[in-house]
Amino acid sequence: MRAAKGVDLRSQFGFHTIAIVCLVVLYFPLLILIVFSINANDIVAVFSGVSTRWYEKAFYNEEFHNAARNTLIIAVSATIGSTIFATLAAVATTRVAPWRGQNAVYMVINLPLMVPEIITAVATLSFFALLGRTLGFNFGIGNIILAHLVFCIPFAYMPIRARLESMDLTLEGAAADLYATPFKAFWHVTLPLLMPGISSGAALAFIVSFDDFTITQLVAGPGQTTLPLYIWAMIRRPMTPEINAISTILLGISILFILISFWIAQRRKAG
Amino acid sequence: MVELTGLPAVEAKNVTKTFGAGPDAVVALDNVSVTIQQNEFFTLLGPSGCGKTTLLRLIAGFELPTAGSILLEGQEVAHLPPFKRMVNTVFQSYALFPHLTVAENIGFGLKMLGRRRADRDAQIEKMLKLVKMEPMRNRKVHQLSGGQQQRVALARALAPHPKVLLLDEPLSALDLKLRKEMQIELKRLQHETGITFIFVTHDQEEALTMSDRIAVMSHGKILQIGTANEIYEHPVDRFVADFIGETNFIEAEVMQRIGNRGQIRLPSGIALARELDPIAPVGGKVTLAIRPERIDLVKPGADCQLAGKVENIVYFGTDTHFHIDLDTGGDVTVRVQNRRGFQEVLKQGDAVGLRIAPEAMQVLKD
Ligand SMILES: Nc1ncnc2c1ncn2[C@@H]1O[C@H](COP(=O)(O)OP(=O)(O)OP(=O)(O)O)[C@@H](O)[C@H]1O
Ligand SMILES: [Mg+2]
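Sequence order for the protein chains is A and B. Sequential numbering of the first sequence, starting at 1, is according to this note's numbering. Sequential numbering of the second sequence, starting at 272, is according to this note's numbering.
These are calculated hints, taken from the structure and not from any lab test. Any given hint could turn out to be false.
[Said to hold, decoys possible] Derived lysine-lysine pairs resembling DSS-like cross-links, with alpha carbons at most 30 Å apart: (1) B/K492 with B/K570; (2) B/K556 with B/K448; (3) B/K411 with B/K451; (4) B/K618 with B/K636; (5) B/K448 with B/K400; (6) B/K355 with B/K397; (7) B/K556 with B/K618; (8) B/K434 with B/K451; (9) A/K184 with B/K556; (10) B/K458 with B/K434; (11) B/K570 with B/K556; (12) A/K184 with B/K397; (13) B/K434 with B/K403; (14) B/K451 with A/K184; (15) B/K400 with A/K184; (16) B/K355 with A/K184; (17) A/K184 with B/K382; (18) B/K397 with B/K434.
[Claimed, not checked] Ranges of calculated distance between the beta carbons of each label pair, as one might list FRET restraints: (19) B/S304 with A/N103: 19 to 25 Å; (20) B/E463 with A/L113: 57 to 63 Å; (21) A/I255 with B/S364: 47 to 53 Å; (22) A/N103 with B/H505: 54 to 60 Å; (23) A/W99 with B/D295: 16 to 22 Å; (24) A/T181 with B/S443: 28 to 34 Å; (25) A/A19 with B/A444: 41 to 47 Å.
Glycine included, every Cβ here is placed at the ideal spot set by N, Cα and C.
Assemble the whole structure, with the sequences as input and the hints as a guide.
Shown next, in the form of structure tokens:
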């Protein structure tokens with residue numbers, strides 16, 4: 001069987017070495033992070049016994065709480081908003097007769113993925129500054145939510161559109177045949193079948209917003225510190241393993257989220 | 272058999288459907304006109320790509336005709352989208368909703384029509400019983416066999432009690448035994464519900480056994496419309512004769528004509544009086560279509576129209592096929608029922624006479 005499929009990549013010279021190097025570079029630092037988060041010592045790099053004291057410290061850390069709350073508010077709002085927009089955009093770009101401007105629309109939707117983030121950040125900062133100066137608008141934390149929402153759209157858009165494109169159009173035809181208006185057909189057939197795409201889109205948007213640093217750093221005002229900003233600030237003070245504990249918590253939440261969306265997709269597939 | 276109650280269920284008037292434009296345009300339907308009566312089991316029969324699905328899609332409202340019009344119960348429906356037409360489809364691929372149960376699939380149309388829950392449930396029960404799927408009401412679609420999915424698709428399309436049911440090759444995915452069962456089942460359902468069925472198939476036997484009337488299609492045109500018997504016994508042209516059942520073709524020469532009657536001469540020199548297509552001139556050729564079972568084998572020299580030699584004998588249980596090389600060139604197939612008679616003693620290479628009743632020789636148009 002395998003021989004018929006051509007050369008097995010695994011038998012190629014250097015394959016194992018490259019694979020091992022990649023895995024080590026990718027996961028060893030994370031392992032160190034986790035191990036040192038249960039370090040009893042005050043100094044990050046010196047391991048002197050197991051302790052949960054840094055988790056306890058983080059648990060009672062007011063600033064950490066505020067940062068976590070901000071992050072969640074921003075990430076959840078941006079995820080909901082961007083997923084809705086991305087779903088609408090995906091439907092509008094796949095369920096229409098082909099038209100001339102279509103490629104341009106894909107470009108416009110996906111462009112933010114290609115623009116360097118620092119550029120987007122500076123541009124967003126200038127935009128809000130202009131808005132504040134000329135019209136007096138300042139939405140506080142809403143500024144960050146708005147910025148996140150917008151740059152999360154292309155991330156949510158990609159899996160949703162992929163799912164729509166692979167969907168059997170006769171199902172929507174069958175719904176129309178059975179007296180479903182276009183809206184009802186979307187609500188009762190397209191949307192439920194789109195759910196796996198939507199949940200992976202939402203998970204992607206959440207992760208992107210949850211750990212964004214560059215844009216948030218520029219747009220955030222006083223009292224709008226998010227977790228990535230807070231960790232950044234901690235590194236610049238004398239470091240303790242508390243930073244490892246907080247980072248590990250962040251990592252845990254990210255993994256949890258991915259697992260949830262993975263589970264939703266699996267459950268949908270199983271029907 | 273067919274009750275004519277008022278207006279025809281479906282009419283297509285000079286319908287043409289073209290896909291694309293310019294040099295790559297495909298004419299899927301070419302000036303098609305057909306009237307389908309209420310309560311009729313009407314079959315569209317034709318080879319792949321002849322436009323059967325396209326005609327169904329036009330009736331269901333998924334496509335609009337390039338020219339001509341479609342009428343449902345006398346009403347022009349060009350302005351009505353699919354969800355406003357009391358027409359339901361059983362799709363070739365079934366197109367069942369994978370996220371819903373069997374019962375939810377069947378109830379979908381009624382739900383969209385805004386029927387009350389109690390009415391819906393009652394109708395779902397009725398449909399489950401009709402297609403004998405009661406024990407599987409709570410299954411998801413992927414837990415069903417092909418035949419079961421087919422029955423759910425049928426029940427789903429029947430549940431809202433449409434005026435017309437369109438069935439696009441619904442049996443093509445089934446094995447022979449299940450297919451035969453479903454053919455009988457479909458006839459029963461049509462009879463019990465009194466709904467007009469428009470059935471698409473490329474299987475001529477299926478068409479012959481199930482339909483009140485058949486339209487034979489080729490290359491976007493309807494070549495002939497008629498009952499199974501009419502189409503089988505009186506095919507209008509070579510395509511229809513060849514497509515429906517087995518046929519022998521024999522060339523004959525026109526000797527004289529008076530009005531639309533004339534005399535033709537078989538290759539063996541025997542003359543016959545026949546009704547003739549107006550375009551066949553004296554001295555021209557016409558093609559005769561003769562069904563294999565309408566030819567009798569007799570002793571050579573006896574009173575017969577053609578003569579030849581037995582080239583091959585194939586035994587089929589209920590009947591035997593004789594392939595005969597004609598003395599005048601060409602060959603024919605003769606099908607004889609297996610009972611006592613002359614054919615019992617025939618062997619390969621024997622000379623035989625072929626006796627054909629004049630009415631068994633159908634003069635074709637081309
Ligand atoms: N959307 C379309 N765009 C372009 N050409 C089409 C389209 N739909 C059908 N056709 C063409 O129109 C012709 C008739 O197609 P149709 O699907 O009606 O055939 P059919 O009789 O149903 O064949 P089959 O038995 O294979 O299902 C074919 O030549 C097909 O290629
Ligand atoms: Mg077809």
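Checked hints:
{"no.": "1", "hint": "B/K492 with B/K570", "verdict": "44 Å, violated"}
{"no.": "2", "hint": "B/K556 with B/K448", "verdict": "44 Å, violated"}
{"no.": "3", "hint": "B/K411 with B/K451", "verdict": "26 Å, holds"}
{"no.": "4", "hint": "B/K618 with B/K636", "verdict": "36 Å, violated"}
{"no.": "5", "hint": "B/K448 with B/K400", "verdict": "21 Å, holds"}
{"no.": "6", "hint": "B/K355 with B/K397", "verdict": "24 Å, holds"}
{"no.": "7", "hint": "B/K556 with B/K618", "verdict": "34 Å, violated"}
{"no.": "8", "hint": "B/K434 with B/K451", "verdict": "26 Å, holds"}
{"no.": "9", "hint": "A/K184 with B/K556", "verdict": "61 Å, violated"}
{"no.": "10", "hint": "B/K458 with B/K434", "verdict": "16 Å, holds"}
{"no.": "11", "hint": "B/K570 with B/K556", "verdict": "29 Å, holds"}
{"no.": "12", "hint": "A/K184 with B/K397", "verdict": "25 Å, holds"}
{"no.": "13", "hint": "B/K434 with B/K403", "verdict": "23 Å, holds"}
{"no.": "14", "hint": "B/K451 with A/K184", "verdict": "37 Å, violated"}
{"no.": "15", "hint": "B/K400 with A/K184", "verdict": "28 Å, holds"}
{"no.": "16", "hint": "B/K355 with A/K184", "verdict": "13 Å, holds"}
{"no.": "17", "hint": "A/K184 with B/K382", "verdict": "10 Å, holds"}
{"no.": "18", "hint": "B/K397 with B/K434", "verdict": "18 Å, holds"}
{"no.": "19", "hint": "B/S304 with A/N103: 19 to 25 Å", "verdict": "42 Å, violated"}
{"no.": "20", "hint": "B/E463 with A/L113: 57 to 63 Å", "verdict": "59 Å, holds"}
{"no.": "21", "hint": "A/I255 with B/S364: 47 to 53 Å", "verdict": "40 Å, violated"}
{"no.": "22", "hint": "A/N103 with B/H505: 54 to 60 Å", "verdict": "57 Å, holds"}
{"no.": "23", "hint": "A/W99 with B/D295: 16 to 22 Å", "verdict": "19 Å, holds"}
{"no.": "24", "hint": "A/T181 with B/S443: 28 to 34 Å", "verdict": "31 Å, holds"}
{"no.": "25", "hint": "A/A19 with B/A444: 41 to 47 Å", "verdict": "44 Å, holds"}
The structure shown violates the earlier hints numbered 1, 2, 4, 7, 9, 14, 19 and 21.
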